[in-house]
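Chain residues, written in single-letter form:
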Amino acid sequence: MHIDVRHRPAESVAHVKMNAGESIRAESGAMLAMVGGIKVETNGPASSGGLLKSLKRKVLGAESFFTNTFKATDNDAAVWLAPRLPGDMVVHEVNSSHELMVQGGSFVAAPMSVSIDTRFEGLGGLFSGEGLFFLKIHGHGPVVLNAFGAIDAIDLDGELIVDTGHLVAFTSGVGYTVQKAADDWLTSLLSGEGLVLHLKGKGRVYLQTRNPDEYGKAAGRHLAPIEH
Amino acid sequence: MRHRIEYGPAFAWLRLRLNAGESIDTEAGSMIARTPSIGMTTRLNAGRSVGVLSWLWSLIVALSRKFLGGETMFINTFTAQDDGELALAPALGGDIVRRRLTPNLPPLIVQTGSYLASAPGVSAELMWSGLRGLLSREGLFFLRCTGEGDLFICAHGGITEIECRGGYVVDTGHIVAFEASLDYEIGAAGSGIKGLVASGEGLVCTFSGVGRIWIQSRNIQAFATWLNPNL
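Protein sequence lines, in the order shown, are assigned to chains A and B.
No gaps in the numbering here: position 201 of the first sequence is 201 in this note's numbering, and each next residue is one more.
No gaps in the numbering here: position 194 of the second sequence is 194 in this note's numbering, and each next residue is one more.
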């Protein structure tokens with residue numbers, strides 16, 4: 001399997017080339033085009049484990065309920081994938097040395113050798129407005145991630161404070177705590193930053209240069225109110 | 001202070017390297033990431049004024065900036081207690097550009113929504129653009145930036161710098177900033193009422209004189225107008 005991402009960072013698209021027998025599982029609606037012998041199967045969500053876990057992923061993980069699996073029956077088959085929002089995509093190779101925590105909504109595709117679990121990050125997430133719902137990804141193989149905006153990859157060895165809505169993914173060597181943006185609640189609120197994540201450790205961190213919620217609010221100001 | 005603008009023009013962000021003791025003023029909500037050695041304080045977006053009722057004036061100016069200028073009410077000042085890094089970006093999609101201001105250059109007039117960040121030596125004063133502003137649809141206020149230091153402006157779309165020598169006509173929705181040495185007049189693109197409506201251009205700003213103009217390649221109003229019937 002070979003994945004390459006083109007037209008970065010604004011209008012990215014992923015080209016997935018597969019040989020007979022290989023398959024890739026993608027969030028529903030991601031397929032633009034395909035060529036060669038490809039069999040498409042629609043399944044329940046990617047995580048292993050029963051209905052309850054799947055429902056949890058739908059409600060909490062911001063991923064759609066269904067995924068599609070594209071299986072190549074010939075050599076040199078290919079699928080073109082893209083997310084709904086404009087922005088960047090990146091391929092992260094996961095292996096037995098680490099796990100990848102991905103913000104719900106940022107997962108595009110991965111082969112079956114990669115497993116996906118939901119993880120609920122506790123009550124702190126409820127207050128952040130961003131929802132600290134992450135998908136825990138482990139196994140081995142390429143994982144295609146998307147973002148709103150451009151993706152900046154940082155190799156962290158130390159500490160970094162990050163606005164929660166701008167965090168795309170990070171590896172398991174990086175720990176985090178939720179904290180107020182400033183020392184007091186009033187300043188945190190007025191500063192427009194709200195809650196931030198204090199990251200500490202060693203690993204890879206992916207940030208996005210835009211935030212869908214902020215973009216929606218800023219653009220929404222210019223739109224006409226919706227009549228009901 | 002060192003800076004780098006990356007990922008332009010569509011989703012640009014501003015990366016700053018601050019030395020211990022240095023600080024930068026930023027539009028509230030624009031922070032993406034920072035090293036813990038950089039602390040943050042927040043104040044009303046009203047410039048620095050002294051006086052007995054300065055807090056009241058600050059509040060009035062900040063409120064008018066919010067409701068008429070399209071900007072948030074508060075400015076976050078990031079100060080480095082130790083060497084550190086800071087990444088900033090605006091909410092909408094587009095490019096970021098730096099303009100180094102000095103007392104020798106004419107003041108820079110910046111559309112209020114286009115302010116991203118500035119060095120402490122730069123003062124960004126809210127300016128009433130008069131009746132011309134009423135027509136411009138961009139808001140009644142501009143920011144008049146003077147002083148010494150870096151000013152970072154952002155836009156909706158790509159930013160093009162134009163040297164005006166004599167005259168230039170710019171669609172009002174596409175103006176990001178211009179030097180105060182220029183004179184300007186706002187009017188219809190075509191002639192008469194038919195021109196105003198049928199040309200699809202709306203209002204334009206006719207600049208005269210010598211100076212620089214920064215324009216953006218997209219227009220959030222036009223985008224919203226297109227999007228509205230689809231919602």
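Treat each hint with caution, since some may be false.
[Said to hold, decoys possible] The following label-pair restraints were derived from C-beta to C-beta distances:
id, chain 1, residue 1, chain 2, residue 2, range
1, A, S113, B, E161, 27 to 33 Å
2, A, H140, B, L203, 56 to 62 Å
3, A, D157, B, G167, 51 to 57 Å
4, A, G36, B, N230, 32 to 38 Å
5, B, D171, A, T73, 51 to 57 Å
[What the hints assert, rightly or not] Chain B is nowhere near these chain A residues, computed Cβ spacing over 12 Å in every case:
id, residue
6, R8
7, A10
8, V13
9, I38
10, E41
11, D88
12, E93
13, P111
14, R210
15, A224
Simulated from the structure, these hints should not be mistaken for lab results.
Positions of the beta carbon are idealized from the N, C-alpha and C atoms, including for glycine.
Status of each hint after checking the structure:
| no. | hint | verdict |
| --- | --- | --- |
| 1 | A:S113 x B:E161: 27 to 33 Å | 50 Å, violated |
| 2 | A:H140 x B:L203: 56 to 62 Å | 59 Å, holds |
| 3 | A:D157 x B:G167: 51 to 57 Å | 55 Å, holds |
| 4 | A:G36 x B:N230: 32 to 38 Å | 35 Å, holds |
| 5 | B:D171 x A:T73: 51 to 57 Å | 54 Å, holds |
| 6 | R8 | 9 Å, violated |
| 7 | A10 | 4 Å, violated |
| 8 | V13 | 15 Å, holds |
| 9 | I38 | 31 Å, holds |
| 10 | E41 | 33 Å, holds |
| 11 | D88 | 7 Å, violated |
| 12 | E93 | 22 Å, holds |
| 13 | P111 | 28 Å, holds |
| 14 | R210 | 5 Å, violated |
| 15 | A224 | 5 Å, violated |
Of the numbered hints given earlier, the model fails hints 1, 6, 7, 11, 14, 15; all others are met.
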